[in-house]
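Peer 1: We have chain R already, so just place chain P on it with the hints.
Residue numbers (full-length UniProt numbering), protein chains in the order written: chain R, 1 to 351; chain P, 1 to 351.
Keep in mind the hints are simulated off the structure, nothing from the lab. Just so you know, even glycine gets a beta-carbon here, dropped at the ideal spot from N, CA and C. Possibly wrong hints are sitting among the right ones.
Only some residues are given here: those of chain R computed to face chain P with a beta carbon under 8 Å [as the list claims (entries may be wrong)]:
#	residue
1	68
2	69
3	286
4	313
5	317
Derived lysine-lysine pairs resembling DSS-like cross-links, with alpha carbons at most 27 Å apart [stated by the list, open to error]:
#	chain 1	residue 1	chain 2	residue 2
6	P	194	P	211
7	R	247	P	270
8	R	16	P	216
9	P	76	R	270
10	R	16	P	247
11	R	270	P	16
12	P	16	R	216
13	P	211	P	76
14	R	270	P	194
15	P	247	R	295
16	R	16	P	313
17	R	16	P	221
18	P	311	P	270
19	P	211	R	270
20	P	308	P	155
21	P	247	R	270
22	P	295	R	247
23	P	194	R	211
24	R	221	P	308
25	P	216	R	270
26	R	221	R	211
27	R	247	P	16
28	R	216	P	216
Protein chains: 2
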Amino acid sequence: MAPTQTREWIVANPPKGEPVYEGENATFKIKTVDLPEVGDNQVLVKTLYLSNDPAQRGWIQAGIDPERLYTAPVLKNEAMRCFAVSQVVKSKSDQLKDGQIVYGQSTWTEYAVLDASAVRPIDEKSGIKATHYLGGVGATGLTAYYGLVDVGGAKEGETVVVSGAAGATGSMVVQIAKHLVGAKRVIGIAGGEKKCRWVESLGADVCIDYKAPDFKEQLLKVTEGFVDVYFDNVGGEILDLMLTRVKRFGRIIACGAVSTYNSLGETGIKNWFEIVANRLEIRGFIVTDAFTAGKAPGYIGKIVEGVKAGKLKIGADSETVVPTKFEDIPKTWNSLFTGGNQGKLITDLTA
Amino acid sequence: MAPTQTREWIVANPPKGEPVYEGENATFKIKTVDLPEVGDNQVLVKTLYLSNDPAQRGWIQAGIDPERLYTAPVLKNEAMRCFAVSQVVKSKSDQLKDGQIVYGQSTWTEYAVLDASAVRPIDEKSGIKATHYLGGVGATGLTAYYGLVDVGGAKEGETVVVSGAAGATGSMVVQIAKHLVGAKRVIGIAGGEKKCRWVESLGADVCIDYKAPDFKEQLLKVTEGFVDVYFDNVGGEILDLMLTRVKRFGRIIACGAVSTYNSLGETGIKNWFEIVANRLEIRGFIVTDAFTAGKAPGYIGKIVEGVKAGKLKIGADSETVVPTKFEDIPKTWNSLFTGGNQGKLITDLTA
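In isolation and in its complexed conformation, chain R is listed as follows (with noise of 0.2 Å):
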């Protein structure tokens, strides 16, 4: 029999720091809540794999100003938003059938009625896993393409520079400037020798150790020369350094921030001078933009292509799976600003 409640993890205490993850000043509490009735063209499903992204911490942050916010903010008391991967138990669509593999947006939600429209059927016989529809040829892989080639405006014989190069975006960058664009040189930052040898062996031509000691000469060398692009997923002190290490009238695509989502303001910005000087051009970007701009169906095919053809790969070393209680889902979301994943970090729901 289908069930009539669920439990969810709320938004408790948005942030302004570090989240809270014990006591009563924790971030995000689970509560039991009614699950509404199915109505017509909806779905009741049942979470399998969540996705996690740096960028649901910006959607909790405390005191936001929802205008300066791409998307709407996760209120207190809301339910936890996230992308994931989940299976029909009972549809009232024509669209989609009981048992169905879907993937879209959801909640921390162990069961949620969604709307048929609002999730997309996963074709289980492309060969292409579920939780990579969260990952590589989903709207990480879209970000990756998305922002190196027409945000960036990266071209065939251009050195990028790539950091988080080992994360779910940075690892899609990486093999796309390589693979894709016929990068010159790539060069790849990342967390520890294991994560920099995986994302050498992606297509980078040198990944260097952000952890490392040396990692500053290390990075004034392969960045002799300086270079065209740089592709910022970081944010900090990293960011500061690119900023003395981008050629002249060189572009920074700036994705993310994710070394700055828990701190308090800080952002160690020392060389703003470097964008005058060396008349640099920055570029945020939301990879939503290239849905709006009718964009995403072509470069996700492009990605797909890339798949089929074996220049990119998409495979189980793309993800880290960390099978999850329900109870510890805000945990392994966690590990993503502790360096704990190589390529996409998948909570999985199902074991």
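Peer 2: The following block gives chain P in isolation, referenced to the frame of chain R:
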């Protein structure tokens, strides 16, 4: 008889933070040097007026990487470089006669031997004061026009915010935005009531005082609905605040960061993520690019046209002329960084 020696100010100790104006470690020191013979196509000139520009601070920064500076640095023990209006004392050029007033690059010196091709004669019949060739109808006005119109793409009907609005560049940006571009609304930011009222007299719809205790509240109010373009002359905290006040897909023109030139690194930028979330575009520029691109004569022509048509005002209140003894040249220059000038700061050595 023509002099054979001159006093000049050299950069004795390139500074990292605040320049030092007294004692053994003084940034600048006076040196008496022999003047070279005046060769063919050269002139011996007497310095009349010095241009004071925040950019000069960058040229003398200790430890600057010459590859990252947009122009050659002034090295330790070299004469401090500047733009100047001078008078020809002795000419060995067909193009320039004795007594001619000229402007061009020079140094903080009493006399100099310059290539005739490196200076331009001032047309004394034009009615334009010689010192304005260092300001509104010179490189300063060009900086404003090129930055606002070419780099920033400001268009009729847009809302433009300008910081350092009572400065040499800012006061031209205000006028060009309002009277040539046709901006719907021009908002100035300047230091002090008197300067603010002057900026409004130039055409700003409103100018607010960054020294006012309620500056932030005032800024939020006058930028309600957000703005299309921010022309940044100051960097630091005002820039940081403006990152939150530029419209989605809006532009920031990075012209300078005078508030940070004498500080050791920290820029106070906390709102970098606004660039991502609101898809801001930031472009740095240097006025010399306008010359390189062959656009300078056309843009200066637009300014002169605007002056002749009565749209732009470059008058006595567009410059702060400070009668200065040779010994006090660095002190007059320093007032750039303490808000001592309205419009172009000119050192007058003729008194």
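Peer 1: All hints are to be evaluated individually against the structure, with a verdict given for each.
Peer 2: Hints and how they fare:
Because the beta carbon of residue 68 of chain R sits about 6 Å from the nearest beta carbon in chain P, less than 8 Å, this interface hint is met. Using the Cβ-Cβ criterion of 8 Å, the hint placing residue 69 of chain R at the interface with chain P is satisfied: the shortest such distance is roughly 6 Å. For residue 286 of chain R, the suggested interface contact is upheld, since its CB lies about 6 Å from the closest CB of chain P, less than 8 Å. Nearest Cβ of chain P to the Cβ of residue 313 of chain R: about 27 Å, over the 8 Å cut. The hint is violated.
A least Cβ separation of about 28 Å between residue 317 of chain R and chain P goes past the 8 Å threshold, and the interface hint is therefore violated. With a C-alpha separation of about 12 Å, the suggested pair residue 194 of chain P and residue 211 of chain P falls inside the 27 Å cut-off, and the hint holds. With a C-alpha separation of about 25 Å, the suggested pairing of residue 247 of chain R with residue 270 of chain P holds against the 27 Å cut-off. Of the supplied pair hints, the one linking residue 16 of chain R and residue 216 of chain P holds, its CA atoms being roughly 21 Å apart against a limit of 27 Å.
Restraint check: the Cα-Cα separation between residue 76 of chain P and residue 270 of chain R comes to about 24 Å, which is no more than 27 Å; the hinted pair holds. A distance of roughly 24 Å separates the Cα atoms of residue 16 of chain R and residue 247 of chain P; the hinted pair therefore holds under the 27 Å criterion. Only pairs whose Cα atoms come within 27 Å are accepted, and residue 270 of chain R paired with residue 16 of chain P is accepted, the gap being roughly 13 Å. For the given pair, residue 16 of chain P sits about 21 Å from residue 216 of chain R by alpha-carbon distance, which is consistent with the 27 Å threshold.
A C-alpha spacing of about 36 Å is found between residue 211 of chain P and residue 76 of chain P, which places the hinted pair above 27 Å, so the restraint is violated. Straight-line distance between C-alpha atoms of residue 270 of chain R and residue 194 of chain P comes to about 32 Å, which puts the hinted pair past the 27 Å bound. For the hint pairing residue 247 of chain P with residue 295 of chain R, the CA-to-CA distance comes to about 23 Å; that is within 27 Å, so the pair holds. For the hint linking residue 16 of chain R to residue 313 of chain P, the alpha-carbon distance of about 48 Å lies beyond 27 Å, and the restraint is violated.
Restraint check for residue 16 of chain R and residue 221 of chain P: satisfied, since their Cα atoms lie roughly 25 Å apart, inside the 27 Å limit. Note on residue 311 of chain P and residue 270 of chain P: the hinted pairing is violated, with a Cα-Cα distance of about 39 Å set against a maximum of 27 Å. Using a Cα cut-off of 27 Å, the hinted pair residue 211 of chain P and residue 270 of chain R holds, with the two alpha carbons roughly 23 Å apart. Taking the CA atoms of residue 308 of chain P and residue 155 of chain P, the gap is near 22 Å; set against the 27 Å cutoff, the hint holds.
For the suggested pair residue 247 of chain P and residue 270 of chain R, the alpha carbons sit about 25 Å apart, so the restraint of at most 27 Å is met. Distance restraint check for residue 295 of chain P and residue 247 of chain R: the Cα-Cα separation of roughly 23 Å lies within the 27 Å cut-off, and the hinted pair is therefore satisfied. Of the supplied pair hints, the one linking residue 194 of chain P and residue 211 of chain R is violated, its CA atoms being roughly 52 Å apart against a limit of 27 Å. A distance of roughly 54 Å separates the Cα atoms of residue 221 of chain R and residue 308 of chain P; the hinted pair therefore is violated under the 27 Å criterion.
Our distance criterion of 27 Å between C-alpha atoms is met by residue 216 of chain P and residue 270 of chain R, whose separation comes to about 23 Å. Annotation: proposed proximity of residue 221 of chain R to residue 211 of chain R holds, straight-line Cα distance about 16 Å (limit 27 Å). Between residue 247 of chain R and residue 16 of chain P the CA atoms are separated by roughly 24 Å; this keeps the pair inside 27 Å, and the hint holds. Restraint check for residue 216 of chain R and residue 216 of chain P: not satisfied, since their Cα atoms lie roughly 37 Å apart, outside the 27 Å limit.
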